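Novice: Starting from the given sequences, assemble the full structure and let the hints guide the process.
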Amino acid sequence: MSKTDGHINDTEITDALVAEHGLTPDEFQMVCAHMGRTPNYTELGVFSVMWSEHCSYKSSRKWLKKLPVDGPQVIQGPGENAGVIDIGDGDAAVFKMESHNHPSFIEPYQGAATGVGGIMRDVFTMGARPVANLNALRFGQPDHAKTRHLVAGVVSGIGGYGNCMGVPTVGGEINFDPSYNGNILVNAMCVGVARTDKIFYAAATGIGSPVVYVGSKTGRDGIHGATMASAEFDDASEEKRPTVQVGDPFTEKLLLEACQELMASDAIIGIQDMGAAGLTSSSVEMADKGGVGIVLDLDKVPCRETHMTGYEMLLSESQERMLMVLKPGREPEAEAIFGRWGLDFAVIGELTDTGRMVVNHQGRTIADMPLGPLADGAPEYDRPHVPTPQAADFDSSLLANAPDMADALTTLMASSEIASRRWVYEQYDSMVMGDTLAGPGGDAALVRVHGTQKALAISTDVTPRYCFADPIEGGKQAVSEAYRNISATGATPLAITNCLNFGNPERAEIMGQFVGCLEGMGDAGRSLDFPVVSGNVSLYNETNGTGILPTPAIGGVGLLKQHDKAVGNRFTAEGQIIYLLGDTKGHLGASLYQRDILGNDSVFAPPPVNLDAEAAHGAVVREAIDKGLIAAAHDVSDGGLAVSLAEMAIGHNIGAEISAQGDTGFWFGEDQARYVLAVTLDNAAAFETLAGGLPLQKIGTTTGAELKFGDTVTISVKQLHDLNEGWFPALMQG
Amino acid sequence: MQASVIVFPGSNCDRDVAVCVEAAMGKAPLMAWHGDATLPKSDLIVLPGGFSYGDYLRCGSMAANSPIMREVVAQAEKGAAVLGICNGFQVLTECGLLPGVLMQNKGLNFVCRNTRLTVTNNKTAFTTQYMADEEIIVPVAHNEGNYFADDDTLKQLQDEDRIAFTYAAGDNPNGACLDIAGICDKAGRIVGMMPHPERRAETALGGEDGKRMFTGIVEALS
Chain A
0 MSKTDGHIND
10 TEITDALVAE
20 HGLTPDEFQM
30 VCAHMGRTPN
40 YTELGVFSVM
50 WSEHCSYKSS
60 RKWLKKLPVD
70 GPQVIQGPGE
80 NAGVIDIGDG
90 DAAVFKMESH
100 NHPSFIEPYQ
110 GAATGVGGIM
120 RDVFTMGARP
130 VANLNALRFG
140 QPDHAKTRHL
150 VAGVVSGIGG
160 YGNCMGVPTV
170 GGEINFDPSY
180 NGNILVNAMC
190 VGVARTDKIF
200 YAAATGIGSP
210 VVYVGSKTGR
220 DGIHGATMAS
230 AEFDDASEEK
240 RPTVQVGDPF
250 TEKLLLEACQ
260 ELMASDAIIG
270 IQDMGAAGLT
280 SSSVEMADKG
290 GVGIVLDLDK
300 VPCRETHMTG
310 YEMLLSESQE
320 RMLMVLKPGR
330 EPEAEAIFGR
340 WGLDFAVIGE
350 LTDTGRMVVN
360 HQGRTIADMP
370 LGPLADGAPE
380 YDRPHVPTPQ
390 AADFDSSLLA
400 NAPDMADALT
410 TLMASSEIAS
420 RRWVYEQYDS
430 MVMGDTLAGP
440 GGDAALVRVH
450 GTQKALAIST
460 DVTPRYCFAD
470 PIEGGKQAVS
480 EAYRNISATG
490 ATPLAITNCL
500 NFGNPERAEI
510 MGQFVGCLEG
520 MGDAGRSLDF
530 PVVSGNVSLY
540 NETNGTGILP
550 TPAIGGVGLL
560 KQHDKAVGNR
570 FTAEGQIIYL
580 LGDTKGHLGA
590 SLYQRDILGN
600 DSVFAPPPVN
610 LDAEAAHGAV
620 VREAIDKGLI
630 AAAHDVSDGG
640 LAVSLAEMAI
650 GHNIGAEISA
660 QGDTGFWFGE
670 DQARYVLAVT
680 LDNAAAFETL
690 AGGLPLQKIG
700 TTTGAELKFG
710 DTVTISVKQL
720 HDLNEGWFPA
730 LMQG
Chain B
0 MQASVIVFPG
10 SNCDRDVAVC
20 VEAAMGKAPL
30 MAWHGDATLP
40 KSDLIVLPGG
50 FSYGDYLRCG
60 SMAANSPIMR
70 EVVAQAEKGA
80 AVLGICNGFQ
90 VLTECGLLPG
100 VLMQNKGLNF
110 VCRNTRLTVT
120 NNKTAFTTQY
130 MADEEIIVPV
140 AHNEGNYFAD
150 DDTLKQLQDE
160 DRIAFTYAAG
170 DNPNGACLDI
180 AGICDKAGRI
190 VGMMPHPERR
200 AETALGGEDG
210 KRMFTGIVEA
220 LS
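From first to last, the protein sequence lines are chains A and B. Each residue of the first sequence is one higher than the one before, counting from 0 in numbering that gives the first Met the number 0. Each residue of the second sequence is one higher than the one before, counting from 0 in numbering that gives the first Met the number 0.
Be aware that a few hints might be false.
Pair by pair, the computed Cβ-Cβ distance ranges are [said to hold, decoys possible]:
# : chain 1 : residue 1 : chain 2 : residue 2 : range
1 : A       : GLU332    : B       : LEU220    : 55 to 65 angstroms
2 : A       : ASN599    : B       : ALA22     : 54 to 64 angstroms
3 : A       : HIS449    : B       : ASP158    : 40 to 50 angstroms
4 : A       : VAL346    : B       : GLY169    : 57 to 67 angstroms
5 : B       : GLU134    : A       : GLN140    : 37 to 47 angstroms
6 : A       : GLU332    : B       : ASP158    : 54 to 64 angstroms
7 : B       : ALA167    : A       : LEU397    : 27 to 37 angstroms
Source of the hints: derived by calculation from the structure; they are not laboratory data. These figures come from a predicted structure and were not determined experimentally. Even glycine gets a Cβ: it sits at the ideal position worked out from N, Cα and C.
Specialist: Given below as structure tokens:
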């Protein structure tokens, strides 16, 4: 890229160079039209990142617009660094989930670490203090040659960054599936808390206001990361390791504290973290949102490498950096704060009234571009999409050779999807900040709002195998499961963030998956009053032409007004009545039973989602918990009723006698809108009255240290526990 | 009574421990900055957990050489009570107020979980509200908590009854010598421990076993 003689901008712009920058010939013509001339090398680089799929959402925008984003609880919907919702008393929850898939596959530790660092910056840029991290991870099949290495690296990276920041990692989810063999997913979610009157936005206003760079110095790491995230992988992708950024959580901790200190004053007009596409994207977004222009002097940018070109500075994705616009004259107090925390502080430009981004470096103007087209001018594609064919209903003749129930249950408890994630989450500091009321292992994590009686309930969910078999139902189910997990703690679901991981959108069947999942997600969000307030799209998750399962991960946030009313998902005592709330038809299509017990990979229809039932059942569970009628609550999901009961038993080694009778579908079917609830004898009558009219079945009683299903099946809870705990350590020991 | 919590760049349990000190004392502690060369006379000094200076050198070694630590050492030598938790324990060993060293966990991974502890010395300034050999539950969260010292030092710690806490049998999370979770100086006024008592100081967080560290020292100093 660099030339020894002459300036980089003297490089001739050829078709090959345009293609190398990921722009199509048509897109390049649009750039030329916006510019009124052929862009120079630097300008081409800037356009290429701003118009990349990652930054411009050009394939997804049309469909994202259809999602529900409003509600009385919404303070800020999609479009800012993170979404903001009202949680009462002048407090706001600020949250977002984001992918760091491609870098994590190439370099798992740094890829995952910087994913965590990036999402925390998105949250504290808004003025919030991060209070909880979660992560949704997908790996290839457990025995694939790379899986252990990737799991170990990703987990270590997440812990390495989050632990040092002093923000608890309180939950998440992990799936294993061969479709992720060459393309793992690392989706990091962060939740922060702010005061509603101290939310900070990106928009930059005030002609002449200083543009300030703070944080780490700029290096050559991560150049064109956004472009990499917008292309498929092939066997040569590991050569892209230099585009993976390197994280420094210590500096980010200092940056967090310094920003919080400055935010306590009124010196900041706008603030934006330098994430994907670094200085380019942050300055374009701030100036464009404020409707102004911006001039940057790259000679002022703190660099940690010598002889960096302007092109490299503009496109670097070095971590732990922020761009701010300050009120004129407030630079000294800001500089003093950042200096005290040992961070770089530099005024690198100012706002103008030109509507253009002008970049000067070493005595020449190296880029002069109109802001509007950079920010919003990328074409919006309505890519061809074909609906996913309707899957057949489950073929019950497959059950002819099914194992007996005890074998199936013990196998599932030690399966890749159900096995305890303790090996993972004990590497995360889940308790720092002293407000984690329920950490990893529950239906939803519970984090107290510091100094109050309130708690946030947080969960990440999606069932990719459902989304693959039926994107619409799968999209609904992902939202519904988050809704259930939050409701099962007693909290009221308020809003979601999403992280939409799909394959190559230029293939009509992949685009069909995307369109279907968003349709289902939108329906569910509207029906459950659970709007989307932030999110991220990650496309091109393919290696050598094989796509991942469609994985639209949902991060849900709910509010519990009085945290001491919360319940857990483990049996708490013997002698409690066990109820099953919700209809059981015995849907085994796309179930874990089909995949792991029958070993069958045919595509069958997943369980349908009845959103009215989800809303009604969730409401009654929350009300019963609020009235103190429930001792333990657990949603029914992967593995069905039998697995839910086993999970509730192993927590405190309390067994149950189950009187209900049923077939394989009854025990292992994954029908939706269901909860298992444990209720003390004293509360049973009141609870039954409350749930009157809803499908409610008394299925047994907690007792002893065994799970007994009728007279025929008896399994030791200790055995289930040991099987459940044993799988992950055994995998990692190899 | 004056209490101070030392804040190093990278400390991240400073607020958590301040909450517990305030609850026990009825007054917020002073949050003292690492770069300050002076520290108001303090009866209790807490070195909190975290990653001081990023732990990019040996854990606690940079913090041990910060300006404020000269003051901490001086006041400790004059009898101030000092509690080092996790990274704070590492700082205490690095600055020489306590012997030994905290090595990387035997399992090579960060570990965060509840541990069962035995209060092996309930006569330190911090542990008088525990019964002798009482078993309590307090969480750990560290990557370098594997206490090591040479045999002579270990014998001296035993002979002088300076092992304050041990991990209960079978619950050693890091491979520490003699299952040591925390030790003290000869006078029992300087205590360093890997587990985090501030994380288990109220029922909402699972229990109050850690709370008595704070109420105990306040009682001792009042």
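Novice: Of the numbered hints stated previously, which ones are contradicted by the structure, given in increasing order?
Specialist: 1 and 7
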